[in-house]
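Next come the chains, spelled out residue by residue.
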Amino acid sequence: MRYIVGYTDTPAGHDALALGVRLARTDGARLDVVLVLANEERPTIVPADPGYEKFLRETAEGWLAGAIDRVPEGVKATSHLVYAESLADGLLEAIDTLGASLVVVGAARGGLLGRFALSTVANALLHAAPVPVALAPSGCRDLAETPVSRITCAVGTRAGADALLATGIRAARAGGVPLRLLSLVALDEPTGADRPEALARAREHAEEVLAHAVDELPRDLAVTSEVATGRAIDDAITAIAWDPAEIVFVGSSRLAQPRRLFLGSTAAKMLRELPVPLVVVPRDAPTQIGDPS
Amino acid sequence: MTAPETTPQGSSDPASPPTAATAALSKKGLGAGTVGLVGAIVIGISCIAPAYTLTGALGPTVAEVGTHVPAIFLVGFIPMLLVAFGYRELNSRMPDSGTSFTWATRAFGPWVGWMAGWGLIAATIVVLSNLAGIAVDFFYLMLSQIFQNPDIADLTTNPFINVVTCLAFMLGATLISYRDMQTTQKLQYVLVGFQLLVMVFFGIVAFVHVGAGDAFDALPISLDWFNPFAVGSFSAFAAGLSLSIFIFWGWDVTLTMSEETKGSSSTPGKAATATVVIIVVLYLFLSVSLINYAGVGEGEFGLGNPDIQGNVFFSLAGPILGPLAILVSIAVLSSSAASLQSTFVSPARTLLAMGHYGALSPKFSKVHPRFFTPGYATIVSSLVASVFYTVMRFISEDVLWDTITTLGMLICFYYGLTAFACVWYFRKQWFSSARNFFFQFFSPLVGGLILAVLFFTTIIESANPDYGSGSNIGGVGLVFILGMVIILTGIVVMLIQAKLRPDFFRNRTLARGIAGDRNESTAALPE
Numbered sequence: 001m002r003y004i005v006g007y008t009d010t011p012a013g014h015d016a017l018a019l020g021v022r023l024a025r026t027d028g029a030r031l032d033v034v035l036v037l038a039n040e041e042r043p044t045i046v047p048a049d050p051g052y053e054k055f056l057r058e059t060a061e062g063w064l065a066g067a068i069d070r071v072p073e074g075v076k077a078t079s080h081l082v083y084a085e086s087l088a089d090g091l092l093e094a095i096d097t098l099g100a101s102l103v104v105v106g107a108a109r110g111g112l113l114g115r116f117a118l119s120t121v122a123n124a125l126l127h128a129a130p131v132p133v134a135l136a137p138s139g140c141r142d143l144a145e146t147p148v149s150r151i152t153c154a155v156g157t158r159a160g161a162d163a164l165l166a167t168g169i170r171a172a173r174a175g176g177v178p179l180r181l182l183s184l185v186a187l188d189e190p191t192g193a194d195r196p197e198a199l200a201r202a203r204e205h206a207e208e209v210l211a212h213a214v215d216e217l218p219r220d221l222a223v224t225s226e227v228a229t230g231r232a233i234d235d236a237i238t239a240i241a242w243d244p245a246e247i248v249f250v251g252s253s254r255l256a257q258p259r260r261l262f263l264g265s266t267a268a269k270m271l272r273e274l275p276v277p278l279v280v281v282p283r284d285a286p287t288q289i290g291d292p293s
Numbered sequence: 001m002t003a004p005e006t007t008p009q010g011s012s013d014p015a016s017p018p019t020a021a022t023a024a025l026s027k028k029g030l031g032a033g034t035v036g037l038v039g040a041i042v043i044g045i046s047c048i049a050p051a052y053t054l055t056g057a058l059g060p061t062v063a064e065v066g067t068h069v070p071a072i073f074l075v076g077f078i079p080m081l082l083v084a085f086g087y088r089e090l091n092s093r094m095p096d097s098g099t100s101f102t103w104a105t106r107a108f109g110p111w112v113g114w115m116a117g118w119g120l121i122a123a124t125i126v127v128l129s130n131l132a133g134i135a136v137d138f139f140y141l142m143l144s145q146i147f148q149n150p151d152i153a154d155l156t157t158n159p160f161i162n163v164v165t166c167l168a169f170m171l172g173a174t175l176i177s178y179r180d181m182q183t184t185q186k187l188q189y190v191l192v193g194f195q196l197l198v199m200v201f202f203g204i205v206a207f208v209h210v211g212a213g214d215a216f217d218a219l220p221i222s223l224d225w226f227n228p229f230a231v232g233s234f235s236a237f238a239a240g241l242s243l244s245i246f247i248f249w250g251w252d253v254t255l256t257m258s259e260e261t262k263g264s265s266s267t268p269g270k271a272a273t274a275t276v277v278i279i280v281v282l283y284l285f286l287s288v289s290l291i292n293y294a295g296v297g298e299g300e301f302g303l304g305n306p307d308i309q310g311n312v313f314f315s316l317a318g319p320i321l322g323p324l325a326i327l328v329s330i331a332v333l334s335s336s337a338a339s340l341q342s343t344f345v346s347p348a349r350t351l352l353a354m355g356h357y358g359a360l361s362p363k364f365s366k367v368h369p370r371f372f373t374p375g376y377a378t379i380v381s382s383l384v385a386s387v388f389y390t391v392m393r394f395i396s397e398d399v400l401w402d403t404i405t406t407l408g409m410l411i412c413f414y415y416g417l418t419a420f421a422c423v424w425y426f427r428k429q430w431f432s433s434a435r436n437f438f439f440q441f442f443s444p445l446v447g448g449l450i451l452a453v454l455f456f457t458t459i460i461e462s463a464n465p466d467y468g469s470g471s472n473i474g475g476v477g478l479v480f481i482l483g484m485v486i487i488l489t490g491i492v493v494m495l496i497q498a499k500l501r502p503d504f505f506r507n508r509t510l511a512r513g514i515a516g517d518r519n520e521s522t523a524a525l526p527e
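Residue numbers (UniProt numbering), protein chains in the order written: chain H, 1 to 293; chain D, 1 to 527.
The hints are simulated quantities; they were obtained by calculation from the structure and are not laboratory data.
If you're wondering where the values come from, they're calculated on a predicted model, not measured in any experiment.
Take these hints with a grain of salt, some might be off.
[Stated by the list, open to error] If you only want the chain D side, here are some residues facing chain H, beta carbon under 8 Å, derived:
# : residue
1 : D96
2 : D180
3 : P220
4 : L223
5 : N227
6 : A325
7 : R349
8 : R370
9 : F372
[As the list claims (entries may be wrong)] With a straight-line cut-off of 35 Å between C-alpha atoms, the simulated DSBU-like cross-links for lysine-lysine are:
#  : chain 1 : residue 1 : chain 2 : residue 2
10 : D       : K499      : H       : K76
11 : H       : K269      : D       : K499
12 : D       : K363      : H       : K269
[Said to hold, decoys possible] If you anchor each label on the Cβ, the simulated ranges turn out as follows:
#  : chain 1 : residue 1 : chain 2 : residue 2 : range
13 : D       : F371      : H       : T238      : 48 to 58 Å
14 : D       : I379      : H       : D243      : 54 to 64 Å
15 : H       : G74       : D       : R179      : 37 to 47 Å
16 : D       : M181      : H       : D96       : 23 to 33 Å
17 : H       : H212      : D       : R179      : 32 to 42 Å
18 : H       : R70       : D       : N507      : 51 to 61 Å
Just so it is clear, CB atoms sit at the ideal spot from N, CA and C, and this is done for glycine as well.
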């Protein structure tokens, strides 16, 4: 099993590498650290300069060597220099050629908007990647040595989460970490006086679904379940406890094309609110995360 | 460092062999064979930016040689061509982003090499400020054409508005360069095609006015205009020539695009030839038509009028094209924008090479980790160009004119050094073949000598307060002062660097040598 890290020698790239290392350790995967340079096939009004291209390639090799140095003992890592139209294109190509099971990128755009704006590459991958995309939030690089403490699977109450649940189970089992099933309930619509009742009903329904899911799970896992409620998803997300060392699995949107990712509105809100890494799993494609190999 | 073409690059697990999958990922960055003949011509024309170049250079050249502009434009191409041959030889032997700096260092050692690099950077910074200045003029002209209010065009003469607008343009160009934003190929073709069509249209309409008898100051075309020997004095000839070298500046890139052009190995040669034929024909056509239309007198629209000489299209577009004059504004603006973008790259890359070899602070060799551009060097070039323009705008009576003249002098300086570097570097193999003799010895030597003569003549002549636009400080020509300040500043900065970073100046980072020595292949890569 190979995990790709979309690397740049920037804070966001270091976040991605740190998360890649933690995921690889948990799942026993090997890392492919990929750095994408712009190829000269794109149109340009600046004449190509072989001298500069050579310099750039050497610099990039230096960055990659630095990245491999950051990977601790015990995690296998290989570096690749790829030329493509854009960072996202290069990573998609690498997923295909390397047969990778997951790709990790830095989620934060950096700059003024900080973690509230999704990086261009994360955005592009979420619309096009055929494999799960792990988004490393800004600051994630400080937890490089911290083992994954728990896997939270945001299953929801609607259909279409089977692939997600299966992935979460395999990942938790592979890493020997507890699994938490989470259902987020929000009542956005103004419902007036009967509001608390509606909330209670929704909560009840979610608890039933979760209880059923937990019953179905194999007995070798430490499973907990939790329902978070709030007026809006944002409130629900902040209403429960999060551990910075955990990893959250969310499903992609139902609007996505088959076997392609798309970030649903709930997942997008989670990304904005949460300081924890998010793994976005394609809705209906079987994933290989946690597969013994 | 590992060999560049092998992937995987490095591994914490050396036992794992590179699989077929990883090997498939390794591709060379330069798309070998991706730029076709037309693409190469488009890049060449875009780098020369004829609309911008001509509006900036025509007036000052008329001021020097009167009606003999076509002759000077033809002759000006000769030294450019001769030096470009040498440039191509060096580029194919030692491709390096430092170009003139690296080559002159290899041939003549660190001190001369440093000054060649300085000359290149200074020349491009001067042209950046001139480009942005022309763009500002045309920006306000275009606004006045859109809103049909001539007062708007005069805003450009207000130094504060002018400087602020220019700085805004510079900021935009810096951002584009810093983030390496590229236009699409289609847009590039459209812009270059549009630029050429508008220029041809502009010339034709000027002739039509002459034919209709309502030209401003019709001057009958004479064969004498094409005779370079009819120019009055040698100093006028030299001054005109150093200006006309500027109008072909940038053309040499088409000659060096050998690696990525597709088709046969003759594509770069064909592209360079086609580019220069298009450019020369266009220059001759436009200069003849405008002299024919407006004459070289000092009347309102006469090309001899010092008030319009820094930017002649700005004044002539209206009288010639009437309501369609906005086309010229758009053509010059797009031409300046494209040129601004391609010009920004060259000082930044030379600064990067100088930082890399320890001739300047290592900060200059930093490559931006996300945009892969020489970020620090780009910002420094932009800041210096902005400051230079601001200062010039306030001390010069005719900033555009003076910068173009200074530019001609600086191009002669560093191109001349580059040409001599070529001759000296290949000294052991001049006579090993007729080809070597011509491209490595004869062409660059003659080209270099012509540029050297032009350089010294311009320096001596420009000390006269009446030289060029007539800007002067205390009775000494401004162009002379500028040239001296630029070169002396270079020497001072070089001495400071020699104190701070002695390694480069003791030949430790980039060794002096000759063609084919063992340092050649590593010249670009000190381990």
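Here's how the hints hold up against the structure:
1. At a threshold of 8 Å, the smallest CB-CB gap from D96 (chain D) to chain H is about 4 Å, leaving the interface hint in force.
2. With a cut of 8 Å, the hint placing D180 (chain D) at the interface with chain H holds, because the nearest CB-to-CB distance is about 7 Å.
3. Because the smallest distance between the Cβ of P220 (chain D) and any Cβ of chain H comes to about 40 Å, over 8 Å, the interface hint for this residue is violated.
4. Evaluation of the L223 (chain D) hint against chain H yields a violated restraint, the C-beta minimum of about 37 Å exceeding 8 Å.
5. The beta carbon of N227 (chain D) is not positioned within 8 Å of any beta carbon in chain H (closest approach about 35 Å), and the interface hint is therefore violated.
6. Checking A325 (chain D) against chain H: minimum C-beta separation of about 26 Å lies over 8 Å; hint violated.
7. At a threshold of 8 Å, the smallest CB-CB gap from R349 (chain D) to chain H is about 5 Å, leaving the interface hint in force.
8. A cut of 8 Å between beta carbons decides the hint on R370 (chain D): the least distance to chain H is about 5 Å, and the hint holds.
9. The restraint placing F372 (chain D) at the interface with chain H holds, with a minimum CB-CB distance near 6 Å, inside the 8 Å limit.
10. Taking the CA atoms of K499 (chain D) and K76 (chain H), the gap is about 46 Å. The hint is violated against a cut of 35 Å.
11. Between K269 (chain H) and K499 (chain D) the CA atoms are separated by roughly 57 Å; this puts the pair beyond 35 Å, and the hint is violated.
12. Taken as a hint, the K363 (chain D) and K269 (chain H) pair is broken in the structure, with Cα atoms around 40 Å apart against an allowance of 35 Å.
13. A beta carbon spacing of about 35 Å between F371 (chain D) and T238 (chain H) contradicts the range 48 to 58 Å that was offered as a hint.
14. A hinted range of 54 to 64 Å for the beta carbons of I379 (chain D) and D243 (chain H) is inconsistent with their spacing of about 42 Å.
15. Evaluation of the 37 to 47 Å hint for G74 (chain H) and R179 (chain D) yields a pass: the beta carbon distance comes to about 38 Å.
16. At roughly 27 Å, the beta carbons of M181 (chain D) and D96 (chain H) sit within the given window of 23 to 33 Å.
17. Taking the beta carbon of each, H212 (chain H) and R179 (chain D) are about 51 Å apart, not inside 32 to 42 Å as hinted.
18. A beta carbon spacing of about 36 Å between R70 (chain H) and N507 (chain D) contradicts the range 51 to 61 Å that was offered as a hint.
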